[in-house]
Every structure is written in C-alpha cells, then in structure tokens.
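Trainee: Chain by chain, the residues:
There are 10 protein chains.
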Amino acid sequence: MLFQVEMTVKLPTDMPTEQADKIKATEKSYSQDLQRQGKWRHLWRVAGSYSNVSIFDAEDNAELQELVSNLPLFPYMEINVKPLCRHPSSVREDDS
Amino acid sequence: MLFQVEMTVKLPTDMPTEQADKIKATEKSYSQDLQRQGKWRHLWRVAGSYSNVSIFDAEDNAELQELVSNLPLFPYMEINVKPLCRHPSSVREDDS
Amino acid sequence: MLFQVEMTVKLPTDMPTEQADKIKATEKSYSQDLQRQGKWRHLWRVAGSYSNVSIFDAEDNAELQELVSNLPLFPYMEINVKPLCRHPSSVREDDS
Amino acid sequence: MLFQVEMTVKLPTDMPTEQADKIKATEKSYSQDLQRQGKWRHLWRVAGSYSNVSIFDAEDNAELQELVSNLPLFPYMEINVKPLCRHPSSVREDDS
Amino acid sequence: MLFQVEMTVKLPTDMPTEQADKIKATEKSYSQDLQRQGKWRHLWRVAGSYSNVSIFDAEDNAELQELVSNLPLFPYMEINVKPLCRHPSSVREDDS
Amino acid sequence: MLFQVEMTVKLPTDMPTEQADKIKATEKSYSQDLQRQGKWRHLWRVAGSYSNVSIFDAEDNAELQELVSNLPLFPYMEINVKPLCRHPSSVREDDS
Amino acid sequence: MLFQVEMTVKLPTDMPTEQADKIKATEKSYSQDLQRQGKWRHLWRVAGSYSNVSIFDAEDNAELQELVSNLPLFPYMEINVKPLCRHPSSVREDDS
Amino acid sequence: MLFQVEMTVKLPTDMPTEQADKIKATEKSYSQDLQRQGKWRHLWRVAGSYSNVSIFDAEDNAELQELVSNLPLFPYMEINVKPLCRHPSSVREDDS
Amino acid sequence: MLFQVEMTVKLPTDMPTEQADKIKATEKSYSQDLQRQGKWRHLWRVAGSYSNVSIFDAEDNAELQELVSNLPLFPYMEINVKPLCRHPSSVREDDS
Amino acid sequence: MLFQVEMTVKLPTDMPTEQADKIKATEKSYSQDLQRQGKWRHLWRVAGSYSNVSIFDAEDNAELQELVSNLPLFPYMEINVKPLCRHPSSVREDDS
Numbered sequence: 001m002l003f004q005v006e007m008t009v010k011l012p013t014d015m016p017t018e019q020a021d022k023i024k025a026t027e028k029s030y031s032q033d034l035q036r037q038g039k040w041r042h043l044w045r046v047a048g049s050y051s052n053v054s055i056f057d058a059e060d061n062a063e064l065q066e067l068v069s070n071l072p073l074f075p076y077m078e079i080n081v082k083p084l085c086r087h088p089s090s091v092r093e094d095d096s
Numbered sequence: 001m002l003f004q005v006e007m008t009v010k011l012p013t014d015m016p017t018e019q020a021d022k023i024k025a026t027e028k029s030y031s032q033d034l035q036r037q038g039k040w041r042h043l044w045r046v047a048g049s050y051s052n053v054s055i056f057d058a059e060d061n062a063e064l065q066e067l068v069s070n071l072p073l074f075p076y077m078e079i080n081v082k083p084l085c086r087h088p089s090s091v092r093e094d095d096s
Numbered sequence: 001m002l003f004q005v006e007m008t009v010k011l012p013t014d015m016p017t018e019q020a021d022k023i024k025a026t027e028k029s030y031s032q033d034l035q036r037q038g039k040w041r042h043l044w045r046v047a048g049s050y051s052n053v054s055i056f057d058a059e060d061n062a063e064l065q066e067l068v069s070n071l072p073l074f075p076y077m078e079i080n081v082k083p084l085c086r087h088p089s090s091v092r093e094d095d096s
Numbered sequence: 001m002l003f004q005v006e007m008t009v010k011l012p013t014d015m016p017t018e019q020a021d022k023i024k025a026t027e028k029s030y031s032q033d034l035q036r037q038g039k040w041r042h043l044w045r046v047a048g049s050y051s052n053v054s055i056f057d058a059e060d061n062a063e064l065q066e067l068v069s070n071l072p073l074f075p076y077m078e079i080n081v082k083p084l085c086r087h088p089s090s091v092r093e094d095d096s
Numbered sequence: 001m002l003f004q005v006e007m008t009v010k011l012p013t014d015m016p017t018e019q020a021d022k023i024k025a026t027e028k029s030y031s032q033d034l035q036r037q038g039k040w041r042h043l044w045r046v047a048g049s050y051s052n053v054s055i056f057d058a059e060d061n062a063e064l065q066e067l068v069s070n071l072p073l074f075p076y077m078e079i080n081v082k083p084l085c086r087h088p089s090s091v092r093e094d095d096s
Numbered sequence: 001m002l003f004q005v006e007m008t009v010k011l012p013t014d015m016p017t018e019q020a021d022k023i024k025a026t027e028k029s030y031s032q033d034l035q036r037q038g039k040w041r042h043l044w045r046v047a048g049s050y051s052n053v054s055i056f057d058a059e060d061n062a063e064l065q066e067l068v069s070n071l072p073l074f075p076y077m078e079i080n081v082k083p084l085c086r087h088p089s090s091v092r093e094d095d096s
Numbered sequence: 001m002l003f004q005v006e007m008t009v010k011l012p013t014d015m016p017t018e019q020a021d022k023i024k025a026t027e028k029s030y031s032q033d034l035q036r037q038g039k040w041r042h043l044w045r046v047a048g049s050y051s052n053v054s055i056f057d058a059e060d061n062a063e064l065q066e067l068v069s070n071l072p073l074f075p076y077m078e079i080n081v082k083p084l085c086r087h088p089s090s091v092r093e094d095d096s
Numbered sequence: 001m002l003f004q005v006e007m008t009v010k011l012p013t014d015m016p017t018e019q020a021d022k023i024k025a026t027e028k029s030y031s032q033d034l035q036r037q038g039k040w041r042h043l044w045r046v047a048g049s050y051s052n053v054s055i056f057d058a059e060d061n062a063e064l065q066e067l068v069s070n071l072p073l074f075p076y077m078e079i080n081v082k083p084l085c086r087h088p089s090s091v092r093e094d095d096s
Numbered sequence: 001m002l003f004q005v006e007m008t009v010k011l012p013t014d015m016p017t018e019q020a021d022k023i024k025a026t027e028k029s030y031s032q033d034l035q036r037q038g039k040w041r042h043l044w045r046v047a048g049s050y051s052n053v054s055i056f057d058a059e060d061n062a063e064l065q066e067l068v069s070n071l072p073l074f075p076y077m078e079i080n081v082k083p084l085c086r087h088p089s090s091v092r093e094d095d096s
Numbered sequence: 001m002l003f004q005v006e007m008t009v010k011l012p013t014d015m016p017t018e019q020a021d022k023i024k025a026t027e028k029s030y031s032q033d034l035q036r037q038g039k040w041r042h043l044w045r046v047a048g049s050y051s052n053v054s055i056f057d058a059e060d061n062a063e064l065q066e067l068v069s070n071l072p073l074f075p076y077m078e079i080n081v082k083p084l085c086r087h088p089s090s091v092r093e094d095d096s
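Chains as they are written, first to last, in the UniProt record's numbering: chain A, 1 to 96; chain B, 1 to 96; chain C, 1 to 96; chain D, 1 to 96; chain E, 1 to 96; chain F, 1 to 96; chain G, 1 to 96; chain H, 1 to 96; chain I, 1 to 96; chain J, 1 to 96.
Treat the hints with caution; some may be incorrect.
[Said to hold, decoys possible] Some chain E residues near chain C, calculated using beta-carbon distances under 10 Å:
| no. | residue |
| --- | --- |
| 1 | V5 |
| 2 | L11 |
| 3 | E63 |
| 4 | L64 |
| 5 | F74 |
| 6 | P75 |
| 7 | I79 |
| 8 | P83 |
Don't read these hints as lab results, they were simulated from the structure.
Since the model is a prediction, treat every value here as computed from it, not as a measurement.
Note that the Cβ used here is the ideal one computed from N, Cα and C, for glycine as well.
Given the sequences, and given the hints that come with them, work out the whole structure.
Mentor: Okay, here's the thing in structure tokens:
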C-alpha cells in the first residue's frame with residue numbers, strides 16, 4: 001500500500017556539525033536499508049530545497065508510522081503524508 | 001528530468017454529465033498516451049479525494065508546460081509543480 | 001485500518017430544494033449502509049457547522065477511495081483524510 | 001458530551017532525553033487513567049506524525065478545559081478542539 | 001454553557017433584493033427570539049464588515065448545533081465556533 | 001466602545017517556574033482591576049487551550065492600546081483585536 | 001479616531017458594464033463627499049491592483065460601521081479594518 | 001524602476017471560446033507593445049500553470065498601476081506586485 | 001512616491017532590558033529624523049499590538065530599501081510593503 | 001533552463017556580528033561568481049525586506065539543486081523555486 005511522504009529537514013542552526021553529520025549518516029543508512037527492502041520505493045530531492053518527496057510501500061498505516069517515526073531525522077522534520085491508491089487511468093501494473 | 005505534479009479536479013457542479021464524461025474520456029486517453037511514451041512516469045490517486053499525485057519525465061521546463069497545459073482537464077484543475085532531482089541517498093539507478 | 005475523514009458540505013445555494021433533498025436522502029441511506037457494515041465506524045456532527053468528523057475502517061487505501069468517492073455528496077464536499085493507527089498509550093483493544 | 005481534540009507534540013529538540021522520557025511517561029499514565037474513566041474515549045496516532053486524534057467525553061466545556069490543560073505535555077503541544085454532537089444519520093446509539 | 005460564534009454573511013450578489021430582505025427579516029426575528037430566551041446572550045457587529053461576534057448559551061453541543069443550523073442565513077454564512085468556559089481570573093459570577 | 005480581544009499565551013518553555021508564576025500573578029491582578037473598573041467587560045477561557053476571548057470597553061482606540069500593551073503577559077501573547085459596535089438585531093440595551 | 005481600511009474590489013466578471021459603471025460613479029461621489037467632510041482622511045490606490053488603502057476618521061466604531069457598510073461597492077469588496085492610535089514616536093500633532 | 005509582477009489567469013470556465021480568444025489576442029498585442037517599449041522587461045511562463053512572472057520597468061508606482069490595470073485580462077487575474085531595487089551583490093550594470 | 005509599510009516588532013523575550021531600551025531609543029530618534037525630513041510621512045500604532053502602519057515618501061524603490069533596512073529594529077521586525085499611488089477618487093492634492 | 005528563486009534571509013538574531021559578516025562575504029563572492037558564469041542571471045533586492053528575487057539559468061533540476069544548496073546562507077534562508085519557460089507572448093529571443 002503506497003503513501004506519499006514529503007519531508008522538510010529543519011536542523012537547528014546551532015547544532016554542532018559533528019552531531020548533524022552523525023544524524024545524517026544514520027539517516028542515510030536507515031533510508032537505504034528501507035529502499036533495498038522495497039519499503040521506501042522512491043526518494044527524490046525537491047530541487048532548491050532541503051526537502052524530499054518519497055513514496056513508501058507499507059503493509060498498513062501502522063507500519064507506515066513505524067517506518068517514518070524511526071527516521072533519525074524525525075524530530076527535525078516537517079512531514080506530510082498522503083495515502084495513495086491505483087488511479088483508474090494508470091497503465092502501470094506494478095505501481096499501486 | 002522529473003517533476004512532481006499534484007492535480008485537484010474542480011469540475012463545475014452544474015456541468016452537464018455528458019460534457020463532463022467526454023472531457024474525462026479525453027483526459028484518460030491523453031494521460032495513457034503520455035504514460036506509454038514514458039513522459040508521465042507515475043500516476044496515483046490520493047485516497048479519499050478527486051486529486052492525483054504524478055511524476056512527469058520531461059526534457060525541460062518547456063516540455064513540462066506543454067504536457068500539462070494540454071491536459072483536457074487543465075482549465076478545471078488546481079495544479080502544483082515541484083522540480084525533482086536525484087536524492088543523494090537514493091539507491092535506484094533509474095529514478096532521476 | 002482506520003482513517004479519520006472530515007467532510008464539509010458546500011451545496012450550491014441555488015440548487016433546487018427537491019434536488020438537494022434527494023441527494024441528502026441518498027447520502028443518508030448510503031452512509032447508514034456503510035455504518036451497518038462496520039466500514040463507517042463513527043459519524044459525528046461538528047456542532048455549529050455543516051461538517052462531520054468520521055472514522056472509516058477500510059481494508060486499504062483503495063477501499064477508502066471507493067467508499068468516499070461514491071458518497072452522493074462527494075462532488076459537493078471538501079474532504080480531508082488522515083490515516084490512523086493504534087496509539088501506544090491506547091487502552092482499548094478494539095480501537096485500531 | 002463529545003469533543004474531537006487533535007494534538008501535535010512539539011518538544012524542544014534540546015530537551016534532555018531523561019526529562020522528555022519522564023514527561024512522556026507521566027503523560028501516558030495520565031492518558032490511560034482518563035481512558036479507563038471513560039473521559040478520553042478514543043485515542044489514535046496519525047500515521048507518519050507525532051500527532052494524535054482523540055475523542056473526549058466531558059460533562060461540559062469546563063471539564064474539557066480541565067482535562068486538556070492538565071496534560072503533562074500541554075505546554076509542548078498544538079491543540080485543536082471541535083465540539084461534536086450526534087449526527088442525524090448516525091446509527092449508533094452509544095456514540096454521542 | 002457558553003460558545004463564541006463568529007458569523008460572516010456571504011449572500012450571492014445576484015440574489016433578488018426581495019428574497020434577501022425576506023431572509024434577513026426572518027433572521028432578525030429568529031435572532032431576537034433566541035436573545036429573549038437567553039440562548040443568544042450577546043450579539044455584536046464587527047465594525048466595517050458584514051460579520052458578527054456572538055455568545056451563545058446552550059445546554060450542550062447538540063443544542064448549539066440546533067440553534068445555529070436553524071439560522072435562516074445558515075446556508076450563506078461562514079461560521080466559526082469556540083467552546084468557552086470560566087476563566088480563572090474572571091471576577092463576574094454570572095459570566096460562564 | 002467595545003472591542004473583542006483574543007489572546008493566546010505562548011510562554012517560553014524554558015522560563016523558570018518562579019518567573020512564570022510571578023508574571024501570571026501580576027497579570028491576574030491587573031486583569032481583575034480592569035474588570036472591576038468595567039474596562040475589561042468579559043473574560044472567557046477557550047476550552048482546551050491557553051487562550052482567552054475578551055471584551056474590552058475603552059474610551060477609544062488609544063485607551064485600548066494602553067490597556068492591552070500594559071498586560072504583564074503582553075510580550076508573550078499573540079493578540080487579535082476586532083472593533084465592535086451595536087448589532088441592529090441586538091435586543092440588549094446595555095451591550096454596545 | 002482613526003482606522004486603516006483596506007478594500008479589494010471583486011466585481012462579478014459577468015456584471016453588465018452599465019451597471020458596474022453606475023455603481024462606480026455612485027461610489028466615487030460617496031467617497032468624495034466623505035473625504036470633503038474629513039471622515040475619509042486618506043485614499044490611496046495600491047499599485048497594480050484593484051485595491052485601496054484608506055484612513056478613516058470616525059467618532060467611534062459605530063460610525064465607522066455606518067460609513068463603510070454604506071459604500072455602494074460594499075457587497076463586492078473584501079474589507080479589512082485596523083483600529084489606529086497615536087504612535088509614541090510620531091512627531092505630527094494632527095495625525096491621530 | 002523595477003517591479004516583479006506575478007499574474008495568474010482565472011478565466012470563467014463558461015466564457016465563450018470566441019470571447020476568450022479575443023481577450024487573449026488583445027492581451028498579447030498589448031503585452032508585446034509594452035515589451036517593445038521596454039516597459040515590460042521580462043515575461044516568463046511558470047511551467048505547469050496559467051501564470052507568468054514578469055519584470056516591469058516603470059517611472060513610478062503610478063505608471064505601474066496604469067500599465068497593469070489596463071491589461072485586457074486584468075479583471076480575470078490574481079496579481080501580486082513586489083517593488084525591486086538593485087541588490088548590493090549584483091554584478092550587472094543594466095539590471096536595476 | 002508613497003509606500004505603505006506595516007511593521008510588527010518581535011523582540012526576543014530574553015533580550016536584556018537595557019539592550020532593548022537602547023535599540024528602541026535609537027529607533028525613535030531615527031524615525032523622528034525621517035519624519036521631520038518628510039520621508040516618513042505618517043506613523044500610527046495599530047491599537048492592541050506592537051505593530052505600526054506607516055506611509056513612506058521615497059524617491060524610488062531603492063531609497064525605500066535604504067530607509068527601511070537601516071531601521072535599528074529591522075532585524076527584529078516582520079515588514080510588509082505595498083507601493084501606493086494616487087487614487088482616481090481622491091480629492092486631496094497633496095496626498096500622492 | 002530558467003528558474004525563479006525567491007530567498008528570504010533569517011539569520012538568528014543572536015549570531016555574532018563577525019560570524020554573520022563572514023557568511024555574508026562568502027555569500028556575496030559565491031553569488032558574484034555564479035553571476036559572472038551566467039548561472040545566476042538576475043539578482044534583485046525586494047525593497048523594504050531582507051529578500052531577493054533571482055533568476056537562475058541551470059542545465060537541469062539537478063544543477064539548480066547544486067547551485068542553491070551550496071549557498072553559504074542556505075541554512076538560514078526560506079527559499080521558493082518556480083520552474084520557468086518561454087512565454088508565448090514574449091518578444092525577447094534571449095530570455096528563455
């Protein structure tokens with residue numbers, strides 16, 4: 001089941017660089033694990049921003065909550081979720 | 001080059017059914033042509049709405065404008081565009 | 001799987017009373033059928049408004065879309081959807 | 001008398017973990033007491049967020065204020081209240 | 001139990017004067033009846049607008065819904081409701 | 001001359017309790033003095049919030065500014081003012 | 001007593017030119033009368049818009065309501081009012 | 001003196017095609033005249049919309065108002081104006 | 001050339017009183033100099049707020065930027081600018 | 001390919017002057033390099049603000065992201081991006 005998740009990172013500007021780097025590295029690793037498992041199906045940067053547009057594939061709302069709330073950057077992001085489903089005009093069989 | 005396009009359809013509630021059906025059929029055909037050409041890469045319904053989330057793959061901004069402004073439902077939609085690019089944490093080679 | 005759905009009815013003020021009454025009667029019947037099936041778990045009026053707060057229980061996002069988009073008042077409503085899941089502090093076993 | 005209460009937790013990102021954990025534990029205990037008393041009738045997590053949707057059952061507006069303003073997380077939350085009442089299409093006898 | 005109700009009238013600009021006058025007269029009569037019963041405790045015009053700020057005194061949320069939704073201008077108004085209760089610093093005994 | 005004033009208190013979450021208590025006590029005393037003088041005619045808590053809805057009775061705009069800007073909590077509040085006047089449908093002689 | 005009033009004209013695009021011209025002529029005459037009386041102290045066009053910024057000088061809120069609600073364009077305008085008073089840094093004696 | 005002007009065209013969906021085409025042709029001619037005079041310095045389409053971003057070069061605010069309010073599409077557009085001036089980091093001599 | 005400038009002061013609540021007083025005194029002096037030069041034509045307090053409504057008379061956009069960005073409180077204010085020009089219904093010769 | 005980029009600088013008010021000056025100097029140098037390369041085609045100050053309106057000329061969305069995210073002030077700015085393309089009424093050959 002697909003969800004569009006938009007995330008905007010708002011790190012405190014006074015966070016020490018080392019701490020920020022560490023969180024970002026953990027986030028990257030966590031994100032790539034989920035991508036390889038197929039849970040985080042798409043991940044795009046919004047050009048000119050510190051935001052991304054993502055498509056998650058979760059079993060249900062509860063799994064989405066687990067995936068998103070465990071993001072290392074979760075406390076520092078504004079997150080917007082939209083539940084998705086197959087569009088009647090879609091021609092792709094593997095896209096819902 | 002990818003763009004996220006969100007569209008919300010707002011047909012006038014007094015549009016005759018026949019006219020609305022005709023526009024929707026033309027829209028569906030136009031959309032499926034673009035999908036088959038690879039220009040309209042993803043098309044999802046936002047659950048519980050008359051909105052979709054789409055990913056377009058256009059040569060440049062000018063082609064995006066051409067693709068979107070020729071949508072038969074264009075005069076009846078609220079449309080929001082975000083330019084996308086590869087995310088540094090993405091693991092998919094074919095997704096930017 | 002639960003979803004909170006908020007609906008605000010915006011009937012055109014020039015819709016003939018007979019037509020409005022007919023749509024409302026069909027809506028009521030449709031709503032009560034879904035409630036009896038357990039698909040529409042809760043339905044409350046927001047006091048002082050023509051809005052409701054509802055909790056739907058759907059198999060997945062696709063079923064939610066089917067349930068909501070078939071509402072007779074669907075073309076006349078502003079609708080907002082939030083996916084819900086069990087809260088870690090909830091004490092009710094039957095509420096997720 | 002029912003109220004929908006939506007709460008979004010915004011803990012300061014520099015709050016010490018120990019302090020945050022203590023407030024959350026007190027909040028959980030407070031919340032579960034109210035749930036068991038029937039004052040906090042429903043509590044759901046909004047998937048992909050640090051927000052909840054709740055239904056409170058209070059004697060009147062004054063009791064709602066007392067219940068909500070005593071939440072241990074009250075100083076750290078954005079809270080939105082909507083007074084609810086029975087919907088004329090509701091089929092549930094115990095839901096208003 | 002008190003509620004603040006803000007109402008902004010948005011009559012269609014093409015409504016015939018006679019029809020508008022009739023609705024306004026019915027509204028005035030309805031409003032004055034509720035004021036005399038003590039249900040509509042205060043009614044003020046917001047200066048420079050076609051809006052009012054009102055304080056209703058209703059038994060509960062359900063009665064508020066009944067009072068407000070029966071306003072003759074109800075289909076033509078934007079309405080915002082806030083539940084009120086006694087403020088701990090208030091010195092008036094008769095104001096909650 | 002009446003004004004509706006809505007105030008939402010946003011104390012910094014790291015303000016020492018003692019300091020906050022002192023400001024609140026001064027605010028209460030200041031508020032009750034104005035209420036007894038008839039300058040602060042009504043004061044209600046918005047249920048489920050740290051906000052109030054107030055009705056001030058001031059000689060003119062200048063006095064309103066003086067009354068509001070001297071509130072001990074003034075630097076910590078979001079404040080919204082609406083000038084009020086008698087509503088043509090009001091039946092109360094003492095309410096404008 | 002001064003008030004800032006911002007007005008944005010939104011005439012229906014299908015209003016017959018003759019009718020629109022007549023309302024505008026009446027508005028102009030009404031406006032110039034109030035300006036000559038000193039009630040409408042300043043009137044500026046916001047460049048690139050069909051909006052104005054005005055300063056009214058009224059006895060009280062009630063007179064402001066009378067002046068504004070009698071504008072011939074009143075039913076076709078979005079209007080925003082702010083009560084003004086002397087600024088402690090102002091050097092003009094005649095400007096409050 | 002430069003101004004950024006953003007315009008979004010909102011033609012009524014029931015305007016006859018012939019009438020719309022005529023207005024658009026007049027608009028195009030008017031726009032190209034101003035561009036050739038150097039008054040309308042830049043004109044870009046916002047990709048995926050019926051909006052443009054423009055840079056006007058006007059003598060003063062009054063001329064900007066004259067240029068913009070005479071646009072044939074003026075009654076059908078949402079328009080936003082920002083006054084511009086030379087940026088201290090700009091390296092272009094001819095761009096302010 | 002006139003501009004309406006609205007300013008809302010948002011001093012950090014933890015700024016030392018002495019520092020705040022010093023900035024405010026410099027601001028007052030700067031403001032009164034500009035008023036005496038005729039650059040800052042009007043200055044009003046918005047009643048019940050820490051905001052002002054001002055009318056500036058500047059040679060052009062560049063001078064407006066210079067006048068406003070040199071305000072001692074500039075880093076602590078939300079500022080909104082609207083370019084103004086003579087209104088066709090204005091009767092004042094000296095007001096544009 | 002052109003993009004409109006609007007940037008509003010929000011430096012923390014407690015950033016030491018020396019640090020702020022250093023970031024601004026680096027920003028200026030970075031900006032002027034990009035301008036000389038033709039990547040940053042226009043740069044204007046919005047009068048009365050700490051904002052700019054810019055036109056970037058980038059190969060694609062990815063290059064835009066690289067140019068913008070490397071701005072020394074990037075962590076301290078609110079940034080809004082709009083993809084642009086040639087307008088059918090434009091008369092300039094070199095402006096798309």
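Trainee: Taking the closest Cβ pair, is L64 of chain E under 10 Å from chain C?
Mentor: At about 5 Å, which falls below the 10 Å cut-off, the nearest Cβ of chain C leaves the hint on L64 of chain E intact, so it holds.
Trainee: Verify the interface restraint on I79 of chain E: the C-beta must sit less than 10 Å from at least one C-beta of chain C.
Mentor: holds (6 Å)
Trainee: Would you check whether L11 of chain E satisfies its interface hint, that is, whether its CB is within less than 10 Å of any CB in chain C?
Mentor: holds (9 Å)
Trainee: Let me know if the C-beta of V5 of chain E comes in closer than 10 Å to any C-beta of chain C, holds or violated.
Mentor: Holds, about 6 Å.
Trainee: Under 10 Å is the threshold here; is the Cβ of F74 of chain E close enough to any Cβ of chain C for the hint to stand?
Mentor: holds (8 Å)
Trainee: Minimum Cβ distance from E63 of chain E to chain C below 10 Å?
Mentor: Holds. Min distance 9 Å.
Trainee: Please check whether P75 of chain E passes as an interface residue: C-beta within 10 Å of a C-beta belonging to chain C.
Mentor: holds (6 Å)
Trainee: For the hint on P83 of chain E, just tell me whether its beta-carbon gets within less than 10 Å of chain C.
Mentor: Constraint on P83 of chain E satisfied, holds at 8 Å.
Comparing the model with each numbered hint stated earlier shows that all of them hold.
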